[in-house]
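Student: The residues making up each chain are set out below.
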Amino acid sequence: MNKAFLQIGFHHQWVASAIRFVGLFVLALVFFALILLVFGKNPLRAYADIFSATLGSAYGFSEVAVKMIPLILTALAVALPSRIWLINVGGEGQLFIGALFATWGAVNFTNLPVWLLLPWIGILGFIGGGLWGAISGYLRVRGWASETISTLLMNYVAILLVNFFVFGPWKDPESANYPQSAPFPDAAILPSFFGTRIHLGIVLAIVGLILFHFVLSRTRWGLEMRAIGVNQEAARRNGISTNRYIILLMLIGGGAAGVAGMGEVSAIHGQLRPSLSPGLGYTGFLISWMAGGHPIGIVAAAFLLSVITAGGDILQMTHRIPAAGVHILMALILFVVLARPAGKKGGK
Amino acid sequence: MIISFLISIISGAIHSGTPLLYATLSETVGERTGIVNLGLEGIMLIGAVVGFTTTVQTGNPLLGVLAAALAGGLFNMVFGFLVITRRANQLASGLALMFCGVGLSAMIGASFIGSRIQGLNEVRIPLFSDIPIVGRMFFNYDILVYSAIPVAVLVWWLMFRTRWGLGLRAVGENPTAAFAAGKNPHRLQYQALFIAGILGGIAGAHLSLAIAKTWAEWMTAGRGFIAVALVIFSKWHPLRAIAGALLFGGAISLQLQMQARGVPVSSFLLDMLPYVLSLVVLAIWSGARRHATPGSLGRVFQGTE
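Protein chains in written order, with my numbering: chain A, 386 to 733; chain B, 528 to 832.
It should be emphasised that the hints constitute simulated quantities derived from the structure, not laboratory data. Idealized CB from N, CA, C, for every residue including glycine. Fair warning: there could be bad hints in the mix.
Stated by the list, open to error - Rough simulated footprint, nothing fancy, chain A against chain B, three-plus residues with beta-carbon under 8 angstroms:
| # | stretch |
| --- | --- |
| 1 | 601-614 |
| 2 | 617-624 |
| 3 | 688-699 |
| 4 | 779-788 |
| 5 | 797-811 |
As the list claims (entries may be wrong) - Pair ranges (Cβ atoms, derived):
| # | chain 1 | residue 1 | chain 2 | residue 2 | range |
| --- | --- | --- | --- | --- | --- |
| 6 | A | 629 | B | 584 | 50 to 60 angstroms |
| 7 | B | 703 | A | 614 | 24 to 34 angstroms |
| 8 | B | 704 | A | 614 | 40 to 50 angstroms |
| 9 | A | 629 | B | 655 | 26 to 36 angstroms |
| 10 | B | 584 | A | 615 | 48 to 58 angstroms |
Stated by the list, open to error - So the derived list for chain B, only partly shown, Cβ under 7 angstroms to chain A, looks like this:
| # | residue |
| --- | --- |
| 11 | 629 |
| 12 | 630 |
| 13 | 681 |
| 14 | 756 |
So here's chain A without its partners, still in its complex pose (with noise of 0.2 angstroms):
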């Protein structure tokens, strides 16, 4: 009896945890729908379209499965660093800075067969990514600027750096005047499924989310973490290097979001563009806060992020709002996320 109580207790508190959360939802639609309504827009025809174009038909579902990949791999950029209370703001620029190097690896390797061409634009991607993480890392741990500064720095850098080699000197010459390195080869691209824009990075994201979440819960290094999470001090005094964790996880972190770069360039464009992300970087921090950092959480906000993020390319074309418009809507989202009654929320 005991035992089946106990399970009762715990369905309902997590039946509990989704109301509050859905709650918590519709009150930030009911806000940007007010917003809507003070620009002259029809807030429920808007809905009603975005809902449609996204959740109504199954290639509008496999769109937002699509957006979903590079959003769950930005997410963990930010998530696994938060594991020891880093601030990661730097996903956007992690993403383009692995673009480039899977751009590299792409356009100068074409000769290599497929099976060891997309393993290597992958490492490369990675490899990129982390090394613009891991200075931040360096930067925080040599006391010299917090990684929340300098990650939101080296974005603005690491954007421009992209821009600087696709107008410059990787500039494809056969492309009219277009800003975009070479095509990819096509043993470069990543394989789509289905017949749908679906790519193999999704199986990356969800290798990533299992390890994750396995590494968390079942290793010495989660353990570690946890224990630097909760107090530094203690876990140096164990022996635990609290210095080489910030480092290695925010290589692993940038490394995630490099490869989010990768399948963005390979599999979405097939050529690197200066219009490469639409803020993913960016979205990504707020689904890791708004799933505080557990992986089934994080799905669902991805998957909550990519139908706005979807919603805000329907609004541009049938309602004429700026596609930066559902800014406002995963802003209001994140408000009123902090500011839910304190008790549940997590950290300080």
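With chain A fixed as given, assemble chain B onto it according to the hints.
Tutor: Chain B in isolation, oriented as in the chain A frame:
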């Protein structure tokens, strides 16, 4: 040739440094009460778009500045509600505010893209502006440039020479002690954030009304984040912020001058200068900043229960 180049660099530094100074003062006021605001970027965008649209509709750029200041102050109250009343995480709340500012400014400005305005014109000061070289270098700016240093002095005076400022800084160092001494930490923090919002709004207005004289989405391009770095560089001191803003204004001005003169370096690499300089400056100043950091920065007063 050299002289005209130098004049361009210096007057450019003063021009580009002005929004950075207002923004740095904004962040300084907030951080002195213990609140880091990464939403400054969003506040500046709101200031830029409100200032611009008001100017287009009224034809009066001064009204634009006023509207921008007010909008910035009110917008920052959202942040205040989250971090002060709801005690939410400051960094996440700041980034959410930035997002909101990016989206809201894009919506407000959508139908104003491509509009042209006269904007804030140079105000010539009789006699002084006619001095050869010096006149061009120091007495040929718009009103917000002239008022920037007086505003910095005013902020310094408010924070370091008034009882109100003392209370503000006490809350930033140790809110519990300030509470015990009869201060109301939450009220002081709200007041500080309102003033910070006003300054951030003015910073944005200077970008859209005096520098660009037009509106573009995300036109602040990270200046809000550079200002956060500048606060550390200036050790949370309003007067030292003047030097910091001039240094970074100089970097932006140098980059613009090199592009204008066709120096054969990619403009994208030159554009990196202010961001890289921010990181370098942070690294160099890291040793000095420990003593200057407000004691409770990043933490929120939990009350006395």
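Student: Hint by hint, say whether it matches the structure.
Tutor: The hints, checked one at a time:
For a cut-off of 8 angstroms, the count of residues in the stretch 601-614 of chain B with a CB near a CB of chain A stands at 5, and the three-residue condition holds. Look at the stretch 617-624 of chain B against chain A: 6 of its residues bring a Cβ nearer than 8 angstroms to a Cβ of that chain, three or more, so the hint holds. Counting residues of the stretch 688-699 of chain B whose CB falls under 8 angstroms from any CB of chain A gives 0; the rule of at least 3 is not met. With 0 residues having a Cβ less than 8 angstroms from any Cβ of chain A, the stretch 779-788 of chain B misses the three-residue criterion, and the hint is violated.
Residues of the stretch 797-811 of chain B with a Cβ under 8 angstroms from some Cβ of chain A number 8, which satisfies the need for three, so the listed coverage holds. Range check, residue 629 (chain A) to residue 584 (chain B): Cβ separation about 58 angstroms, and the 50 to 60 angstroms hint holds. Between residue 703 (chain B) and residue 614 (chain A) the beta carbon distance is about 25 angstroms. The supplied range of 24 to 34 angstroms therefore holds. Remark: the range hint 40 to 50 angstroms for residue 704 (chain B) to residue 614 (chain A) is contradicted by a beta-carbon distance near 29 angstroms.
Between residue 629 (chain A) and residue 655 (chain B) the Cβ separation comes to about 60 angstroms, which falls outside the hinted range of 26 to 36 angstroms. The supplied range of 48 to 58 angstroms is met by residue 584 (chain B) and residue 615 (chain A), whose beta-carbon atoms lie about 55 angstroms from each other. Because the closest C-beta pair between residue 629 (chain B) and chain A is about 5 angstroms apart, less than 7 angstroms, the hint holds. Interface restraint check: residue 630 (chain B) against chain A, minimum CB-CB distance 3 angstroms, threshold 7 angstroms, status holds.
Hint status for residue 681 (chain B): violated, given a least beta-carbon distance of 27 angstroms to chain A, over 7 angstroms. Annotation: interface hint on residue 756 (chain B) holds; nearest CB of chain A at approximately 6 angstroms, less than 7 angstroms.
Comparing the model with each numbered hint stated earlier shows that hints 3, 4, 8, 9 and 13 do not hold.
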